[in-house]
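Produce the entire structure from the sequences given, and follow the hints as far as they go.
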Amino acid sequence: MYKVSLLTRDGATIAFDAEPSDTLLDAAERASIYLPSSCREGGCGACRVARASGEVELMSYSSAALSEDERMAGDILLCRARARGDLALRAPFDEAAVGSAPVPERRATLVALEPAGSGAVRLQLQYEDDPTFGSAAQFAAGQFVELTLPDGSAKRSYSLANAPNWDGTLELFIRLQPHGAFSNYLRDRAAVGDTLLVRGPQGQFTLDEASPAPRWFVVGGTGLAPALSMLRQIGEFADQRPCRLFFGVNKVDELFALDVIDELQAALPLVVTLCVWKPEQDWRGFVGTPVAALAQALSSATERPDIYVCGPPALIAATEETARSCGVPHDRIFSEKFTAA
Amino acid sequence: MFCYQCEQTYRSDEGAGCAGAKGMCGKDAATADLQDILLYVCEGVGQYLHRARQLGATDIEADRFILFAFFTTLTNVNFNAAKFVELIHQASQIRDRAKALYENAARAAAKIPQTVLGPAAFVPASNMAGLSAQASEAAVRKDAAILGEDAVGARALILYGLKGVCAYAHHARVLGEERDAIYATVEHALDMLAREERDVATLLDEALALGRANFLAMEALDAANTGAFGSPTPTSVRVTPIKGKAILVSGHDLKDLHAILEATKDKGVNVYTHGEMLPAHSYPKLKAYPHLAGNYGGAWQDQQKEFAEFPGPIVMTSNCLIEPQPRYRGRIFTAGPVGWAGVRHIADENFAVVAQAAQALPGFTEDAPEKTITIGFGRDTVLGVADKVIDAVKSGAIRHFFLVGGCDGAAPGRNYYSDFADEAPEDTVILTLGCGKYRFNKHDFGTIGGLPRLLDMGQCNDAYSALVVATKLAEAFGVGVNELPLSLIVSWFEQKAAAVLLTLLALGVRNVRIGPTLPAFLTPALVDVLVEKFGVQPLGDAKSDIAASLARAA
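Chains A and B, in that order, give the protein sequences.
Numbering-wise, the numbering used here comes out as the position in the first sequence, counting from 1, plus 7.
Numbering-wise, the numbering used here comes out as the position in the second sequence, counting from 1, plus 234.
These are computed hints drawn from the structure, not numbers from a lab.
Because the structure is a prediction, the values reported are computed rather than measured.
Don't be surprised by glycine CBs; every beta carbon is placed ideally from N, CA and C.
Honestly, I wouldn't trust all of these hints.
Claimed, not checked - Just so you have them, the derived chain A footprint on chain B, three or more residues with Cβ under 8 angstroms:
| id | stretch |
| --- | --- |
| 1 | 254-263 |
| 2 | 359-365 |
| 3 | 560-569 |
| 4 | 577-587 |
| 5 | 591-604 |
Quick look at the structure:
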């Protein structure tokens, strides 16, 4: 049995014991400590933490979840790591992201399904009343939920795009993947009134509320969803610190939720840069990637912002490299990788 | 950061004060520094307002802002760094307005306006990074080497007493009660802090002036609460939950509680009080709401466990908030001066969303066995039976009164107060107020001649009520308050208590026992002054202190 100590971003220490045969995630859960995670198979990176001291054995994992550079820097995936001695870990999330009970499972009804730009859909779900959780949608802005198809044949995780609320509403933007099990359902069979199982909230990609720095969001495609959730929450809290959003897509017709972005701009000190990589129409906005737009903005910034980046792994890596080269400390860059499924 | 304003301040052989990345209250270094800067800019506002007032010009909105700004910096009130950046810039604009007010008044009086330096000339940076770099200019001990430790301690006594005055005056103001004399004293004190007065005797005189202003503030608050909601009357309060949807209201602000009761009227939601909100049940216009269902939990320091277990939304209306834990962070709301980054704040007194949250959350699934306590012994109730009380004292049935009151806290030594109440002889009466009473208010103390031996006089905000009772009894017996068979055993935690202590001293009340520790900002020389001039005593052990109190009275 080894001692594991996890220091959270906000300075709390979480301790648990781990058997050599346990993954660290399982060991924590045996102690009723539910750490952020998603796929539990080394594929998503949701449970990535930094190892300060001690040895672990890492089982197989996807390089999209943990790059070679990250592993060399000491990062590990809790779902794929087994302790080989006492461990000291550093988490990129606050204590608030750590649960003391299993992730809730609730039923929700599909109440709206509509296109969101080219190749994506907007999904709205309504929680059913539940004796344990009531009917509210309680989560931290930026978190995701795992949805199970009505027939139980597939599960997928998607970020929430709305702010926590008492109506019990969940809003999601989902990119339709060719031949994806969940995408096929959404494209072919989904109907208002369907009931889905919702496992969540989960994830540590949330606002560092205690930081007084400006907040910049760098997102690609449906990576916009958690940024919208956070910005809506910032608006609800009437937080007036400056925000920037760099929203990138490949083609103009892939842009979506522009009405929501307009509303946020009206309510917040929010500067938006819409970035289209390959505009085929008369496009007056930024031409290029959101990372290129970020680099331009950072070069003239008077204050180092906190950076929240969400999208494909390549976007995350490019954003981290650009931000660090412009003087943003590693621990002020928060990321969530989207992988196709 | 450096902060030593409250009882829980970090203490070591090297000295006292929270100076790390986070204070004992949970306030981080950035927020602590921003609070210092806010108060410094407010000193600048006070410099101009004080001078303008001498020329007959006032700005009540600026005065009101100072009350609010100071209130946000009390221990366990506001931890939101972004809010303080906003308040600093607001204070800076108000200072510009105060400057114009003063200069116009001077010109109207055919005088040349002075060039005012110090905080009046401080230019706060536009962003967080710049403000952090300026923190040392506003730090509470910045001139210790020049002023000397005793002057710094006396200035801290003024600064922290001023925070208490502002908090009480703000509470009163939101219910429509204001006193211009309070504003004049606040402005005077700010000007004195700004000009770096170092004469200890002068500073202590200023502290006593604040104590007198605080008496006015407490009187205004009493008028505000009783004017709005009637005089407290003895009331039996349920302290166990009943089945149904539920809201928990903590803090001190009766107006917010009233608004919550209105927002939840006829919605099938029960409202519970927590901590210092318990006395609300004794106000006629509040207890008239049938869904004001009971009191839940204990004092503020237990909130993290109690809030986690409460199955509905929680509203923190004023101090004392501690870090919201993950299990309830999504369902706690702040109001008024309170704040925590990432927690929903209601700035407009519209609590409809709280009612909505209560209906969306599970609530209590079953009734707990019924238990009650009796509260509501405010000044009108006690003085209403003054004849009986006086007769009981004259006949010897009541030998002594102990006012065991004030704040509670987590320090182990605070069992002194429950020991004291439990050990008090059966021919003595215990008056209590503040949340320290949660250590013993569910104990059975019995009665003397039909009068309960434990009389709950209300919140720490109701210290005025106890002073009125003491003064009236002294009048009835034809003696001074210090000659009454009355001992004050005061538990302090934060800056409202500092203000109340200054009031007691200003009114000439002697021999107050204060604890569990003495304020860290008081130097040994300042403590000596308080002991010699006012008979202030640190706590001993409960039995000995009871014996000493009874011996002195005899």
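Going down the list of hints, with the structure as the test:
1. Restraint check on the stretch 254-263 of chain B versus chain A: 3 residues with Cβ-Cβ distances below 8 angstroms, three needed, restraint holds.
2. Counting residues of the stretch 359-365 of chain B whose beta carbon lies closer than 8 angstroms to any beta carbon of chain A gives 3, which meets the minimum of three for the stated coverage.
3. Restraint check on the stretch 560-569 of chain B versus chain A: 5 residues with Cβ-Cβ distances below 8 angstroms, three needed, restraint holds.
4. With 4 residues carrying a beta carbon less than 8 angstroms from a beta carbon of chain A, the stretch 577-587 of chain B meets the three-residue requirement, and the given coverage holds.
5. Coverage of the stretch 591-604 of chain B by chain A holds in this model, with 7 residues showing a Cβ closer than 8 angstroms to a Cβ of that chain against a need of three.
Violation of the numbered hints given earlier is absent; every hint is satisfied by the structure.
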